[in-house]
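**Q** Protein chains in written order, with my numbering: chain A, 1 to 419; chain B, 1 to 419.
Where hints are given, some of them may not hold.
Given that identical chains are not distinguished, each listed pair holds provided it fits within a single copy or across any two copies.
Below are the BS3-like pairs computed for lysine-lysine, each with C-alpha atoms no more than 25 Å apart in a straight line [to be verified]:
no. : residue 1 : residue 2
1   : Lys110    : Lys87
2   : Lys194    : Lys390
3   : Lys194    : Lys332
4   : Lys107    : Lys311
Note that these hints are calculated values from the structure, not bench results.
Everything numeric in this text was worked out from a predicted model, so none of it was measured.
Protein chains: 2
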Amino acid sequence: MANDWVIDRRDSSEESKGMNNRVIVLGGDGFCGWPTSLYLSRQGYDITIVDNLSRRCIDNELGASSLTPIASVDRRLTKWKELTGKKIEFVHIDVSVNYQRLLDLIKDKKPKAIVHFAEQRAAPYSMKSPSHKIYTVDNNLNATHNMLCAIVESGLDIAVVHLGTMGVYGYGAAGTEIPEGYLDVKVDVDGEHKDLKIMYPASPGSIYHMTKTQDALFFLFYAKNDGVRITDLHQGIVWGTNTEETCMHEDLINRFDYDGDYGTVLNRFLMQSVVDHPITVHGKGGQTRAFIHIRDTVRCIELAIKHPPQKGDQVKIFNQTTETHRVIDLAKLVAKETGARIRYYINPRNEAPVNELKVRNESFLALGLQPTTLENGLLKEVIDVAKKYKDNCNLSKIVCTSRWRSDIPEDLEGSSEPE
Amino acid sequence: MANDWVIDRRDSSEESKGMNNRVIVLGGDGFCGWPTSLYLSRQGYDITIVDNLSRRCIDNELGASSLTPIASVDRRLTKWKELTGKKIEFVHIDVSVNYQRLLDLIKDKKPKAIVHFAEQRAAPYSMKSPSHKIYTVDNNLNATHNMLCAIVESGLDIAVVHLGTMGVYGYGAAGTEIPEGYLDVKVDVDGEHKDLKIMYPASPGSIYHMTKTQDALFFLFYAKNDGVRITDLHQGIVWGTNTEETCMHEDLINRFDYDGDYGTVLNRFLMQSVVDHPITVHGKGGQTRAFIHIRDTVRCIELAIKHPPQKGDQVKIFNQTTETHRVIDLAKLVAKETGARIRYYINPRNEAPVNELKVRNESFLALGLQPTTLENGLLKEVIDVAKKYKDNCNLSKIVCTSRWRSDIPEDLEGSSEPE
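Excised from the complex, chain A in its bound form:
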């Protein structure tokens, strides 16, 4: 794009600002945030977790807790200190609401980076009702904006690492292999073709995904106007539950969501096989999705912290995903491994029944990521976790109840169709 901004390239070397090795993890008690916090702590970063514990509250609302018995934050951190000698701080702030406390914390801690997981992250939950739509919009947008605004007000040069989603691309609307954030196009200017690099056209598939496309515009603006150094990670669907660190003791165990709102597709299928529930395929399962194992998520976050953009650069966008699969193929894989039965449900989402998806992910590979793919034998680990804790499962919460539109039948079981 034409550079219609005046960028201030002030010195951003860490020494000149008296920076330390502190990283603030917003949403550090959640499914991705918690294993990331432990991993970064083990790598030698000083970690401050900021969380409003909303995910635990939503467990109460939905009546479907994590399958794994997650310990209180206090117990988690005490055990971590006991096992590793490393202290992780916890500060209870709702960053979507309490700007001043967030600002004070940032000024006090002077972190080198802030990792931002503090958003409502389930598409079905975001479509559940008008109040869930409103909550997701209000929470996610204000959380992201408060963080950016506080960084600018602090005057500190803090790198931002944000968890986004592959879903912002709308599963390949341009028909190309999906690039990492930016698309090369040609535009006709006075009869001549001019080359432009544009942000990949957004095509959100739910209220949740929409907020992530709106986050991208916050990042665009704050990078350009204020020189904030931002990395936006377009993450695939996470599978797996534990990392080396969360395996160290049951008090450190990560959450495992199996319900129709928060459970992610592969984990759900594996868990369903354990409790003798049919595998819940939406539509005919023609959807192709991008995936990443939770062990790779935490490594990617550290790589992003280590390789931030320079002041004045555009937003750095990585596709944080290691492989793509069609949903029906995953269902068949799980059925073959476990003997579970596949059942076809009406798709509660408003989406194409079949899509192709090719994704570029060179950036993380170039930085040394060794992908943990489905073939690495970790499916069994998920099954073992599910087996161990299956008595915690509320069977009535397995089938999705959210619907994208009111004209989609409430009972998704209506269309069970054998293949």
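Position chain B against the provided structure of chain A, taking the given hints into account.
**A** Same frame as chain A, but now just chain B:
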């Protein structure tokens, strides 16, 4: 774009829904909302104004009221009824906060259209301080989303007309004549060029403009997922102050902002000439801007109400502007007409010092709009209004005090440079 959504093209004929001629105007007490409400009322629409009166509160905050003495809402509406026999309703709701009251009103009134002006609309105000940034984001995004969510929950087929801004285009980043919302590009797919129509790449110039680019993503999603029929008007800078209707009595007069936050460039220059203040040119005045007279704004709104998109269509985007001018040329025009002196100030904005701007606006012209340009003699009308009420001017509020970044000098008078 590839159609990756399943669009529901249900019958949207007005008769089938028992619709009436009611239009709800969100923000109907403001600078554009008020004359629009009167104009639509006179054209025979039944008008319900919804407003939280925030603009009047901000007058108090800034210590710079409208130059024209605006009457209370009650007095305005009483006088309108007296003069025309037409009743305009007023409901005091903050639509960014009170979703339920908005929903109840929509269900009760069953309007054929909602016109949405209920956003904080000044770029300098949005950049004034962290709390102004946060207010603008929170207010604008929640207001737009609450409206869309309530329309869907109501189950009614209501057309939306939203006041956007030319500023979302970032003054021509693609180098082309600016199209109406969508840009034709070619993308390389497996060695072949594929034609795509994409939303024009957003390039917001302030927090305020950013919220309008984020609004566009709300519209994209709700049009696709729920079939909401939306027209987004990318409006140029409004000049002029009165319309035929607001001229009918002083109790109906429209606001006239002259201060550094809310005053728009041409109106400010004209008013400055009246109070013997130098004309405040930012930088060297090389910025080219798009303009529209307030009398055309109100006509455009009615045209948009009369020609909504069909259910299932993409968002209809019109460039609501009639001419473009370079700021320095306007300053010289006003100086020539009035004898005022030009003074150059440090530009508080972060923008290119010079830009070209060519804008396409065929859509409104095709619908019959007869542009009211600078040549139509209405400059004098603005000067007359300014002269009549110049004693209401707080001279200390004329120079802009907002700055886009903290490294821009607080005193913008530092760089006065004669040409």
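**Q** None of the hints should be skipped; say for each whether it holds.
**A** Structure-based check of all given hints:
With identical chains, the CA atoms of Lys110 and Lys87 are at most 25 Å apart within one copy only, with a shortest distance of 17 Å there and 58 Å across copies. When the C-alpha separation of Lys194 and Lys390 is checked against a cutoff of 25 Å, the pair qualifies neither within a copy, at 58 Å, nor between copies, at 50 Å. Within a single copy, Lys194 and Lys332 get their C-alpha atoms no closer than 47 Å, and across copies no closer than 35 Å, so neither meets the 25 Å cut-off. For a Cα distance limit of 25 Å, the shortest separation of Lys107 from Lys311 inside one copy, 19 Å, qualifies, whereas the shortest one across copies, 50 Å, does not.
Checked against the numbered hints listed earlier, the structure breaks hints 2, 3; every other hint is satisfied.
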